[in-house]
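This is what each chain is made of:
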Amino acid sequence: MKNQNLNLKVHYITRVEGHGDIYVNVREGTVEKCEWAIPEAPRFFEAMVVGRQYSELHHITSRICGICSIGHTLASLKATETAMGIQISEQDLKLRKLALHGENLQSHILHLGFLVLPDLMGVGSVIPIAASNPKEVKTVLRLHRLANEMSNLLCGRTTHPQRLLPGGFSKIPSINELTAIRQKLKESAPDVQAVAGLIKALAGKLPDFTRETEFIGLTSPNEYALYDGKLSSTDTGIAPVNEYLSYTNEYIVPYSTAKRAKHARESYMVGALARLNLNYEKLSPMAKQTAEMFDLKPVCHNPFMNSIAQLVEVVHSLEDSIKLIDELESAGLKSQPEYNKPEIKVKAGRGIGAVEVPRGILFHDYTYNDKGYCTKANCIIPTNQNHGNIELDLKALLPKILDKSEKEIELTLEMLVRAYDPCISCSTHALKVHFI
Amino acid sequence: MKPKVAFFDFAGCEGDELQIANLEEEILALLDQVEVVSFREVMKEHSDNYDIAFVEGSCTRLQDEDRLKQIRKNAKVVVAIGSCAAIGGINSLKNYKELDEVKKTVYGDSARLFDTYAARPIDSVIPVDAYVYGCPMTKEEFLSVVKSLLLGKKPDIPTYPVCVECKKNENICAFERGQFCVGPVTRAGCDSCCVNEGTICWGCRGLVDNPNENSEKEVLIKYGLTVDDAVSKFSLYFGWQERRK
Numbered sequence: 001m002k003n004q005n006l007n008l009k010v011h012y013i014t015r016v017e018g019h020g021d022i023y024v025n026v027r028e029g030t031v032e033k034c035e036w037a038i039p040e041a042p043r044f045f046e047a048m049v050v051g052r053q054y055s056e057l058h059h060i061t062s063r064i065c066g067i068c069s070i071g072h073t074l075a076s077l078k079a080t081e082t083a084m085g086i087q088i089s090e091q092d093l094k095l096r097k098l099a100l101h102g103e104n105l106q107s108h109i110l111h112l113g114f115l116v117l118p119d120l121m122g123v124g125s126v127i128p129i130a131a132s133n134p135k136e137v138k139t140v141l142r143l144h145r146l147a148n149e150m151s152n153l154l155c156g157r158t159t160h161p162q163r164l165l166p167g168g169f170s171k172i173p174s175i176n177e178l179t180a181i182r183q184k185l186k187e188s189a190p191d192v193q194a195v196a197g198l199i200k201a202l203a204g205k206l207p208d209f210t211r212e213t214e215f216i217g218l219t220s221p222n223e224y225a226l227y228d229g230k231l232s233s234t235d236t237g238i239a240p241v242n243e244y245l246s247y248t249n250e251y252i253v254p255y256s257t258a259k260r261a262k263h264a265r266e267s268y269m270v271g272a273l274a275r276l277n278l279n280y281e282k283l284s285p286m287a288k289q290t291a292e293m294f295d296l297k298p299v300c301h302n303p304f305m306n307s308i309a310q311l312v313e314v315v316h317s318l319e320d321s322i323k324l325i326d327e328l329e330s331a332g333l334k335s336q337p338e339y340n341k342p343e344i345k346v347k348a349g350r351g352i353g354a355v356e357v358p359r360g361i362l363f364h365d366y367t368y369n370d371k372g373y374c375t376k377a378n379c380i381i382p383t384n385q386n387h388g389n390i391e392l393d394l395k396a397l398l399p400k401i402l403d404k405s406e407k408e409i410e411l412t413l414e415m416l417v418r419a420y421d422p423c424i425s426c427s428t429h430a431l432k433v434h435f436i
Numbered sequence: 001m002k003p004k005v006a007f008f009d010f011a012g013c014e015g016d017e018l019q020i021a022n023l024e025e026e027i028l029a030l031l032d033q034v035e036v037v038s039f040r041e042v043m044k045e046h047s048d049n050y051d052i053a054f055v056e057g058s059c060t061r062l063q064d065e066d067r068l069k070q071i072r073k074n075a076k077v078v079v080a081i082g083s084c085a086a087i088g089g090i091n092s093l094k095n096y097k098e099l100d101e102v103k104k105t106v107y108g109d110s111a112r113l114f115d116t117y118a119a120r121p122i123d124s125v126i127p128v129d130a131y132v133y134g135c136p137m138t139k140e141e142f143l144s145v146v147k148s149l150l151l152g153k154k155p156d157i158p159t160y161p162v163c164v165e166c167k168k169n170e171n172i173c174a175f176e177r178g179q180f181c182v183g184p185v186t187r188a189g190c191d192s193c194c195v196n197e198g199t200i201c202w203g204c205r206g207l208v209d210n211p212n213e214n215s216e217k218e219v220l221i222k223y224g225l226t227v228d229d230a231v232s233k234f235s236l237y238f239g240w241q242e243r244r245k
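Residue numbers (the numbering used here), protein chains in the order written: chain S, 1 to 436; chain D, 1 to 245.
You may find that some hints are simply not true.
Claimed, not checked - Okay, the calculated bits of chain S under chain D, using three or more residues with CB under 8 Å as the criterion:
| hint | stretch |
| --- | --- |
| 1 | 10 to 18 |
| 2 | 53 to 67 |
| 3 | 212 to 224 |
| 4 | 393 to 404 |
No lab work stands behind these hints: they were computed from the structure. Just so we're clear, the structure is a prediction, and the values are computed from it rather than from any experiment. Where a beta carbon is used, it is the ideal one built from N, C-alpha and C, also for glycine.
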């Protein structure tokens, strides 16, 4: 029996970063309202950084997000370095790529193990799973800790990095520390396989839902693009990063403090699934095998598969990190002075930094005056770019599940939002279902 | 019976709540000691029946005051976690600007749709019983404060500046390296983590009790900062504390 009348209000959807609400109203079998609203308090970073010196920008904008603070720091440094015409060394580039892998691993494992798994196992949080499946939870925790050890080694801290500076690093790990973490990464293969097996056994719980959309991310001819690349869209092809504003086209809806974005269609999607759809061929061999295990092939239009794409990226990040450390070792790691502060020749200019962070493509765009003070800033966050796509997915999904119970409808809508792994604090610069 | 605990967040990056996930295996030990009844970021269940409330983030708009007051009413103990909740944090940077301008910079013509006021720590709205400082807080300090609370003791928070820890760690002073640092007026407890990593103290734990701010500003100027830049070093994290005086 279809639900002829339904008023749902998920106020502060749980197991996502930040505050978001879903409002649904169905009357006589017709969906009258299906909204995705963000009530999160806005924080105004773009205004806060104006007047601050170039050496502080990465420190301030890192605070946009606790979970992807390494990604924000890197996008910020790239923007500042582009504006001032600074080139970093090949070694520092590899170390930054490792830092980004550390964060992607940490964030994806947290999402899969703590936020998605409870839905697949029919419970409200990871806490009961810790009691019912202690072995599996400990495996997830081990992987999470390894990812954090990696971030700590590269950044001096897991959250809000310290060592990353304009032009390079204040301190770098020793080759012994790097090879020790490489050994741990190699030894983690059975843990990753165990997590993949666990999710594979439960993957039938992921709804089979498809809505065609546009996917946007970075792409590179040389690698699976994360730290650097050109803009790429499944609809319109490749463009230079400095054309990003014609891709993001931000707009505001009155019921939400988070901005939205659209490009070739009414909305687009960014994140692990977008990256996989755009750059599948560049994934590491074991990552491709993991994708095959779940029959995940480009172009996949099922947003619920974003969680599986994250799992594929976990495997890729582990393999690519091992490769990067091999390369650093064979090139011979160059040491640098203690308390290193790279020389920066301050100049006026504008720079755009684009980085693929766990939830998708992130842009920082700064303009500096000739004294090195920021005069204008723009940050476009992955979750902002996804908000419009989330709402259109909710609208497309809801009529297909009206024959389910109200509880199941609510859970399915929440699962859809969670699949995007939204980072709402970041995007208000959302989640609750309100059925009203 | 295990004490019931709840976690809440306001304007912030949730980096402090993330430190709880970062406890890794120690989470399981913590769960033996407390019952988590509300933690929106990781669990669907929610209850208003709790003994200890941990609050992250600053209060940045009037409408959030009601939510804070309700938390205070429900909890026996309220703990501010992280710089935003404890001292106002990086959010207070906007307090130095015209708020209408700030709104317009970010939201343009739609600025009128969005509320904001000067960012502030939660103790400017409700009484707070304990603080875990830092941006982000460290998991070690969080565990130490939780242990004290469970034992009914007052948490041991340093009342001396970061320099004390920094000297103990045998770091070369930032000023000696030609850099600028607010460690002399910042509350210790972080083990001078940022200087250990080769940078400077940015002041994230807020002003120490009885800081000698004028002398610090004089030092900054003596080592070559302009008056404006010296003031600007203070505004990064001390915005609300400076204003309150």
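| query | Which of the numbered hints above does this structure break? | reply | 3, 4
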